Amino acid sequence: MILVLGGTYDSRKLTEALLGQGCAVLYSSVTAYNTGSLPENPRLEIHTGPLEADGLADLMAKKQIGLCVDATHPYAKEVSLNAIAASKKAGAAYVRLERPRMMDDGQQTLGFPDYESAVAYLLKEEGNILLTTGSRQLEFYDPLPRERVIVRVLPTSKVLEKCERLGYKPQNIIAMQGPFSYAMNVETIRQFGIRFLVTKDSGDVGGVSEKLRAAADMGVRVIFIERPGIEYPVVFNTAEEILGWIAENK
Numbered sequence: 001m002i003l004v005l006g007g008t009y010d011s012r013k014l015t016e017a018l019l020g021q022g023c024a025v026l027y028s029s030v031t032a033y034n035t036g037s038l039p040e041n042p043r044l045e046i047h048t049g050p051l052e053a054d055g056l057a058d059l060m061a062k063k064q065i066g067l068c069v070d071a072t073h074p075y076a077k078e079v080s081l082n083a084i085a086a087s088k089k090a091g092a093a094y095v096r097l098e099r100p101r102m103m104d105d106g107q108q109t110l111g112f113p114d115y116e117s118a119v120a121y122l123l124k125e126e127g128n129i130l131l132t133t134g135s136r137q138l139e140f141y142d143p144l145p146r147e148r149v150i151v152r153v154l155p156t157s158k159v160l161e162k163c164e165r166l167g168y169k170p171q172n173i174i175a176m177q178g179p180f181s182y183a184m185n186v187e188t189i190r191q192f193g194i195r196f197l198v199t200k201d202s203g204d205v206g207g208v209s210e211k212l213r214a215a216a217d218m219g220v221r222v223i224f225i226e227r228p229g230i231e232y233p234v235v236f237n238t239a240e241e242i243l244g245w246i247a248e249n250k
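In full-length UniProt numbering, the protein residues as written are 1 to 250.
Among the hints, a few may not be true.
[Claimed, not checked] In silico EDC-like cross-links for lysine to aspartate or glutamate, where the CA-CA straight-line distance does not exceed 20 Å:
no., residue 1, residue 2
1, LYS89, GLU78
2, LYS13, GLU241
3, LYS13, ASP204
4, LYS63, GLU45
5, LYS162, GLU187
6, LYS63, GLU98
7, LYS124, GLU98
8, LYS62, GLU45
9, LYS169, ASP201
10, LYS88, ASP58
11, LYS13, GLU240
12, LYS63, GLU52
13, LYS89, GLU52
14, LYS13, GLU40
15, LYS77, ASP114
16, LYS200, GLU241
17, LYS250, GLU240
18, LYS13, ASP58
19, LYS162, GLU147
20, LYS162, GLU139
21, LYS13, GLU147
22, LYS169, ASP142
23, LYS88, GLU78
24, LYS124, GLU139
25, LYS77, ASP201
26, LYS77, GLU231
27, LYS200, GLU78
The hints are simulated quantities; they were obtained by calculation from the structure and are not laboratory data.
Source: prediction; values computed, not measured.
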């Protein structure tokens, strides 16, 4: 049986491909969000809930997992580190499905290793800032003047409560479900007079390419929060590459 660590679009497409090849799959996600979109299949099992390294290793042993495919979000560092350790403990092979990076070295893009250094840079600059890194990291932006910051977050009551608690006024909150089109990004930049756009390097699946195009056309500087540095044992960029690797190593 193959364990797919998911919660992402990539992981769901990979799971469908593996099932199409006749593989038995255990799909694991921290939450049940989007697991309902997985196909019904007698060879598919679903596990939801967080797992530490030991718990994940126990699950692998119990289900006799031979291969762990880590298809989690590029910024889910702790989950990936736990998966590498658990695979080693359980004697299972580990491979990483990693989205290609979008960050380049152009004049309009700047990369920072963490939120603190990005905020330190923005404090020295002038102009409005569009935050598109999600609500979980909003505390990192506390040093920035609220009137300069536009936050784009999911439209849930808990997220909006957090934004208000951190001092963001309704006129500085865009509560919408993404991904966002090029045209939507352009209009947002124009309407709010954005000079800086802060994003993660989440890959094309996360709508980053549309942000980059819009920012370039509108003369906006893109601030990238770089991916965490993890030394993955084996890395593939597509589901097709993983299917080929599995076929070669049967």
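Which numbered hints fail: 5, 6, 7, 9, 16, 18 and 21
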